[in-house]
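Novice: Residues per chain are reported as follows:
There are 2 protein chains.
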Amino acid sequence: MTLYFASTTAPVNIATLKYWGKRDKDLNLPTNSSISVTLAQDDLRTLTSVCTGPELTDDKLVLNGKEESLASERTQNCLKDLRQLRKELENSDAKLPKFSEWKLTIVSENNFPTAAGLASSAAGFAALVVAIAKLYQLPQSLSEISKIARKGSGSACRSLFGGYVAWEMGNETDGSDSKAVEVAPMAHWPDMKAAILVVSASKKDTPSTSGMQLTVKTSDLFKERVRDVVPRRFEEMKKSIREKNWPLFAELTMKDSNSFHATCLDTFPPIFYMNDTSKKIIKLCHQINAFYNETVVAYTFDAGPNAVLYYLKENEHKLFAFIYRTFNKVSGWETKFSSDELAQFIKHFDTTVAKDLDFEIDDELCQGVSKVILTQVGPGPQPTDECLIDTATGLPK
Amino acid sequence: MTLYFASTTAPVNIATLKYWGKRDKDLNLPTNSSISVTLAQDDLRTLTSVCTGPELTDDKLVLNGKEESLASERTQNCLKDLRQLRKELENSDAKLPKFSEWKLTIVSENNFPTAAGLASSAAGFAALVVAIAKLYQLPQSLSEISKIARKGSGSACRSLFGGYVAWEMGNETDGSDSKAVEVAPMAHWPDMKAAILVVSASKKDTPSTSGMQLTVKTSDLFKERVRDVVPRRFEEMKKSIREKNWPLFAELTMKDSNSFHATCLDTFPPIFYMNDTSKKIIKLCHQINAFYNETVVAYTFDAGPNAVLYYLKENEHKLFAFIYRTFNKVSGWETKFSSDELAQFIKHFDTTVAKDLDFEIDDELCQGVSKVILTQVGPGPQPTDECLIDTATGLPK
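From first to last, the protein sequence lines stand for chains U and L.
Heads up, the first sequence is in my numbering, so the first residue is 118 and it goes up one at a time.
Heads up, the second sequence is in my numbering, so the first residue is 118 and it goes up one at a time.
Any given hint could turn out to be false.
Any copy will do: because identical chains look the same in the list, a pair fits if it lies in one copy or spans two.
Here are the simulated lysine-lysine pairs, DSS-like style, with alpha carbons at most 27 Å apart [said to hold, decoys possible]: (1) Lys177 x Lys472; (2) Lys340 x Lys356; (3) Lys340 x Lys355; (4) Lys361 x Lys251; (5) Lys139 x Lys340; (6) Lys430 x Lys251; (7) Lys334 x Lys356; (8) Lys396 x Lys488; (9) Lys400 x Lys334; (10) Lys142 x Lys514; (11) Lys396 x Lys472; (12) Lys251 x Lys220; (13) Lys340 x Lys396; (14) Lys355 x Lys220; (15) Lys204 x Lys430; (16) Lys453 x Lys251; (17) Lys472 x Lys361; (18) Lys139 x Lys400; (19) Lys356 x Lys142.
Please keep in mind that the hints were generated in silico from the structure rather than gathered at the bench.
The following block holds chain U by itself, in its conformation from the complex (with noise of 0.2 Å):
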């Protein structure tokens, strides 16, 4: 049986400047342009394997050992992009293997639980599109790329970067400028790192397509948004990366997260995300920076519960007095560090910062969270020798 392999791993990304709205929803064309950290993929990342050959006869999606559908428009979008710059390639080299009228067989798997409500989408079509394109030995920019890995999810454009991440929104209306730029890579501010505090949601929110459609549809504030404040706060935020201002890009990703959760209220019939429990996390980064005064912690939330704070290596023992005196009784905390290291935490948070504390710690605040993940920035997608295809059968191992 002849077969040829690619496989790669591609990143979770979290937006500092979100991404809400739709211009082409057929394309995934955004409203605006919209920033993202990469996250590393030690903790956060999808593995996708690909195989293609003459002897297969279906395209075939198998999801964390689960077969799955490749009908939905904006997967076959992506296939049909891929197979169309594959063609390509075969017309000018008759030599080339006819990659481009073969079936694909493609396995992926996370290594993390979906049900945790992390965007796992981004990372998903990232590796979908790189390990295609890297199969189909396409000459493409990541750029270009990334064009494709946003029709099937928008926000999978970004995660083809490691590093510091732009999703230019582009002004043309068949897309082909609305794609994903390095803004720094990681190696430029490596000292940033995230903790995800996930929150337990009681329902299921509303779906983002669905939610950012009906804001665009609904809310007066958004237009706002679109026309003026997110425009001049893409440009300070690419700024504040480039010239590692913490507090300045702290602000800015608090702001726009709340900016974003706002449009959101303000659509008809409103939508929420945050629930009571993000709402008490918001408040305690808040006083936690007013206690030292000084930026070190920065919240963000995407369309669901979660918190994601960002803060910079040389401030965590100052952050973590606090979040792990909090949050010490949810799992995740030992994934990181030995109980001597969470042990100096309460330490410190017990000798240091009790004695000038003018509010008092949420016990029950931990009630609502079910997990911490603590991460850091990370590289773009990375090749892999790990194959998740049986080299003899194409089949999913």
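Following the hints, complete the assembly by docking chain L onto the known chain U.
Specialist: Then chain L, alone, in the frame of chain U:
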């Protein structure tokens, strides 16, 4: 002892187009016009008695049986303006007693617990200003007097009228054109009813004065609200009242509440007045309207978690099938309905509603609500024979 007396009651009003933001803090001049419905005084009112006489030695204020300071600049501004108008009257007619030079005793009582978190300052300042204006026999119109009440508490100016009231923001820097006017009297649209769900709050909210100042200073979306959203809505809502267009009035009311809370969330640090219970009430209202495929209820939230539900008398049975079913464990229903009538709401739900319901009534939602207050549109300040001051001594009874 020579003493002169006057007493009045004044109502609570609940805005349907929200006042949020001052352009002048000392004069309580708003950044936008607002609209409210005045509520019936059987359910919610302040009763204020005032007296003056040459032998009184101090200005004195007794609120709900407790002596309070009159030193606040806001109260002093009100007293100064009222004495100035009285002075002008005395100057034009030398026979008039010199009330403007004598001290005042002010005694005030609410017929509802302040603990309920219902803005009592509007009714309080309206009653204070109207009682003194009456004592002083001031010839000015209610709109003129409303400018004085406005200096005490912005929204107090709207409590000088019954029915449907607009507070025109005005343009002058001295506030001379920032006053309340009647949009329509109670009798124009007498079927407007209100159910107030008093939501249990665990913490004290951000005071509205400092909250709105922070919004003006930090929210980008607030600029759009003030510049474009509210001016448009102000005209639309007045029209909806004049035409008794309930679906439009209801939609504008809900949207404006959401818009106001969205700008609070866009404030930095963000301000949260609604909690998870408030949000669930919002969702329930939209579900109720969707169920009937007709607008039967409109929610609005002030600077706190309490929900005010407006509805038309003719839709009461439709609304109460849901809200009495959901909140029947809390007190307040018995003030307006017999147990037989209440049983009818349950029966209506069980026999007519339940079979077509595509969502579940959340029985836990009841736990977030402590009380229901049932009321309706009402008249403005009313003269009363009741006097809270001993006519012999000039002291509180």
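Novice: I want to check one pair: Lys361 and Lys251. Are their C-alpha atoms no more than 27 Å apart within a copy, between two copies, both, or neither?
Specialist: Cα proximity of Lys361 and Lys251: none, with 33 Å in one copy and 65 Å across.
Novice: As a check of your reading, is Lys396 near Lys488 (CA-CA no more than 27 Å) within one copy, between copies, both or neither?
Specialist: Both. Shortest intra-copy (17 Å) and inter-copy (25 Å) distances satisfy the 27 Å Cα cut-off.
Novice: As a check of your reading, is Lys400 near Lys334 (CA-CA no more than 27 Å) within one copy, between copies, both or neither?
Specialist: between (31 Å within a copy, 19 Å between copies)
Novice: When no copy is named, should Lys251 and Lys220 be tagged within, between, both, or neither for a Cα gap of at most 27 Å?
Specialist: within (16 Å within a copy, 89 Å between copies)
Novice: Up to 27 Å between alpha-carbons, please classify Lys355 paired with Lys220: within, between, both or neither.
Specialist: neither (41 Å within a copy, 63 Å between copies)
Novice: What label fits Lys177 with Lys472 when the C-alpha limit is 27 Å: within, between, both, or neither?
Specialist: Close neither inside one copy (61 Å) nor across copies (43 Å); limit 27 Å.
Novice: At most 27 Å between C-alpha atoms: does Lys396 with Lys472 qualify within a copy, between copies, both, or neither?
Specialist: within (25 Å within a copy, 37 Å between copies)
Novice: Up to 27 Å between alpha-carbons, please classify Lys453 paired with Lys251: within, between, both or neither.
Specialist: neither (33 Å within a copy, 73 Å between copies)
Novice: Between Lys139 and Lys400, at a C-alpha cutoff of 27 Å, which is it: within one copy, between copies, both, or neither?
Specialist: Classified as between; 25 Å across copies, 31 Å inside a copy.
Novice: Can you give me the call for Lys472 and Lys361, within, between, both or neither, at a CA distance of at most 27 Å?
Specialist: neither (32 Å within a copy, 60 Å between copies)
Novice: Taking 27 Å as the upper bound on the Cα-Cα distance, should Lys356 and Lys142 be classified as within, between, both, or neither?
Specialist: Neither: 30 Å inside a chain and 36 Å across chains, both beyond 27 Å.
Novice: Using 27 Å as the alpha-carbon threshold, which applies to Lys340 and Lys396: within, between, both, or neither?
Specialist: So Lys340 and Lys396 pass the 27 Å test inside a copy (25 Å) and across (24 Å) alike.
Figure legend: structure checked against the earlier numbered hints; hints not met, in rising order: 1, 4, 6, 10, 14, 15, 16, 17, 19.
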